[in-house]
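Add 117 to a position in the sequence shown, counting from 1, and you land on the number used in the numbering used here.
Think of the hints as simulated: they come from the structure by calculation, not from any bench. You may find that some hints are simply not true.
What the hints assert, rightly or not - Derived pair list, reagent style DSBU-like, types lysine-lysine, alpha-carbon separation capped at 35 Å:
| # | residue 1 | residue 2 |
| --- | --- | --- |
| 1 | K160 | K251 |
| 2 | K573 | K674 |
| 3 | K598 | K674 |
| 4 | K160 | K378 |
| 5 | K674 | K644 |
| 6 | K583 | K251 |
| 7 | K583 | K221 |
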Amino acid sequence: MTNLLNNRYQIQQTLARGGFGETFLAMDTYMPSSRKCVIKQLKPVVQYPVIPQWLQERFQREAAILEELGEKNEQIPRLYAYFSESANFYLVQEWIEGLTLTQKRQHEGNLSEEQVKKILLNLLPVLAFIHDRKIIHRDLKPDNIILRNRDNLPVLIDFGAMKEAVATVIDASGHSTLSVVSGTPGYMASEQAAGRPVYSSDLYGLGLTAIYLLTGKTPQELETDPTTGEILWRKQANHLHSNLASVIDRAVRFHPRDRFKSATEMLQALSIGESIVEPTIALSPGTPQTVVVKPTRPVTVPVIKPSQLEERPQKSPLGCFLPTLLFLGIVFSAFFLGFRAFLPKFPERPEPTPTPEATPTPEATPSPIFTPKPRPEPTPIPTPEPTLEPTPESIPIPVPPPEEPTPEPEPIPEPEVTPTPEPEPIPEPTPTPEPEVTPTPEPEPPQTQSQYYSPKVPIFPVGTVKSSVINQLGTPTFIKKGLWGDSQAVRYQDLIPDQVDLGYLIDNQTGQIRQTEVSFTPSVSLKTMQQTLNQLLSGNTTPLVRQGLEQVYQGQKQRYSFNVGSLKGTIERQKSNHIYIGIWDANFH
Numbered sequence: 118m119t120n121l122l123n124n125r126y127q128i129q130q131t132l133a134r135g136g137f138g139e140t141f142l143a144m145d146t147y148m149p150s151s152r153k154c155v156i157k158q159l160k161p162v163v164q165y166p167v168i169p170q171w172l173q174e175r176f177q178r179e180a181a182i183l184e185e186l187g188e189k190n191e192q193i194p195r196l197y198a199y200f201s202e203s204a205n206f207y208l209v210q211e212w213i214e215g216l217t218l219t220q221k222r223q224h225e226g227n228l229s230e231e232q233v234k235k236i237l238l239n240l241l242p243v244l245a246f247i248h249d250r251k252i253i254h255r256d257l258k259p260d261n262i263i264l265r266n267r268d269n270l271p272v273l274i275d276f277g278a279m280k281e282a283v284a285t286v287i288d289a290s291g292h293s294t295l296s297v298v299s300g301t302p303g304y305m306a307s308e309q310a311a312g313r314p315v316y317s318s319d320l321y322g323l324g325l326t327a328i329y330l331l332t333g334k335t336p337q338e339l340e341t342d343p344t345t346g347e348i349l350w351r352k353q354a355n356h357l358h359s360n361l362a363s364v365i366d367r368a369v370r371f372h373p374r375d376r377f378k379s380a381t382e383m384l385q386a387l388s389i390g391e392s393i394v395e396p397t398i399a400l401s402p403g404t405p406q407t408v409v410v411k412p413t414r415p416v417t418v419p420v421i422k423p424s425q426l427e428e429r430p431q432k433s434p435l436g437c438f439l440p441t442l443l444f445l446g447i448v449f450s451a452f453f454l455g456f457r458a459f460l461p462k463f464p465e466r467p468e469p470t471p472t473p474e475a476t477p478t479p480e481a482t483p484s485p486i487f488t489p490k491p492r493p494e495p496t497p498i499p500t501p502e503p504t505l506e507p508t509p510e511s512i513p514i515p516v517p518p519p520e521e522p523t524p525e526p527e528p529i530p531e532p533e534v535t536p537t538p539e540p541e542p543i544p545e546p547t548p549t550p551e552p553e554v555t556p557t558p559e560p561e562p563p564q565t566q567s568q569y570y571s572p573k574v575p576i577f578p579v580g581t582v583k584s585s586v587i588n589q590l591g592t593p594t595f596i597k598k599g600l601w602g603d604s605q606a607v608r609y610q611d612l613i614p615d616q617v618d619l620g621y622l623i624d625n626q627t628g629q630i631r632q633t634e635v636s637f638t639p640s641v642s643l644k645t646m647q648q649t650l651n652q653l654l655s656g657n658t659t660p661l662v663r664q665g666l667e668q669v670y671q672g673q674k675q676r677y678s679f680n681v682g683s684l685k686g687t688i689e690r691q692k693s694n695h696i697y698i699g700i701w702d703a704n705f706h
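Whenever a hint applies, use it, and build me the whole structure from the sequences.
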């Protein structure tokens, strides 16, 4: 082969050889800078003396798609040119300086859980981008992902669609058929090997890539279940403790219906944390359906109905014994004091009733600490959305009790409230006042619990690329210049209304997050804050850091600062009683 292609590109080095052709590092002699570029040769599966028109048109269509992808996404190499020469096709693409994931693993050994998670978080938005354009990569593997030197972002190369374009032949009836399926054995899902790839076929290859980075094992070296076809890789990665393993499990399921439906869904599962993908274990193919169960639990917490539900069981222990005792008491009172003397005793009755409240007390253990805290908070928050805050607060507690007794007597078969003053139905009023006594003091525990919410907080740790945040959270509330370095501050005000604000400081040069900030209102539970902090630290929360969060949450400390690995952080109770958590790169400021 000549060293000069298309009378322009000077070949300097052969980078790879394969069944579809060769890949060269070349120099563009037409550019003043002698720009480096990658020349990818694609040989048609059938060698024609002259390339048919239909094959040229198909190659041109695929090249146009590749050009659009490179222009619109910085993690896909740009296409500079394409041409045909000596019955072969050539693509001229941007040269990405960096190591492939295969090379990185060979040089450094198995990657850490945090490194692999970061790669997935930065690569899944790229897959979502190409899938949104109805394109399947078809050949996801460690060799086709390069970690770019200048920003350490993963770049997706070597799209399989171009190979399939030149692997197409025309049969006797004039229809085009695919003679060779593009992809790499082991990293290729079963449906793709059968010539029917789907979007989750790319996720399958990405999951096996993650397994290789964590364990150093190629797909051929991994054990599979002979009955289900599931890959049993967990034995090779006993050190995994976060939800990363569960996400990978679901991505590499044998059947497409058991995998994530999209790259966006996989990104959300990886970003949000254990609560979404915890049940998906590769040993049980049916379990992915249970993923939906987890998210629904925190969603139901803010509902303001539990106070009504909990009142029903509280009346059951009184119903059997009090009617008889009160009947005797009313008869006695009617003879000596009269019915009017009986009414003032109602306010005194609630004093003994707290004894049955011992049952809900364990659930309301945090209430003595935080009952006073939420009260100042509704003042600023109700302005935008007054409907959420006042309801769970303890301030309106006196209002519900008068409304609750009204519906309560209806289900109880004692509607004889009206004839109470008459002498004949004197026994009847006995059960009627009793339901009023029970609900009056009891609403407090339910209301106290309902003010502590457990929302799902979408978290992006330090190092995540900005596009991942925008793709999942949408347009920020505002963007302005950051306080430190060459950065910009991105703010999502009221991301979860009246509960959570999110903020990021993003490096303008690399486009990566340097600092993540979360602000919680007093209505958010300690458990949610602990889960969020653990996600911010990529599962590396230490006992001391956890203790520091608890101390700030309980008001024992105003501020707690810490270092974890290459990250610094602070937890602070602000004047508004919001809990602020900030995590940043130790070299940032």
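Hints and how they fare:
1. K160 / K251: holds (25 Å)
2. K573 / K674: holds (26 Å)
3. K598 / K674: It holds: about 31 Å lies between the C-alpha atoms, which stays within 35 Å.
4. K160 / K378: Satisfied, since the Cα-Cα distance of roughly 34 Å is no more than 35 Å.
5. K674 / K644: holds (18 Å)
6. K583 / K251: holds (24 Å)
7. K583 / K221: Judged against 35 Å, a Cα distance of about 24 Å means the pair holds.
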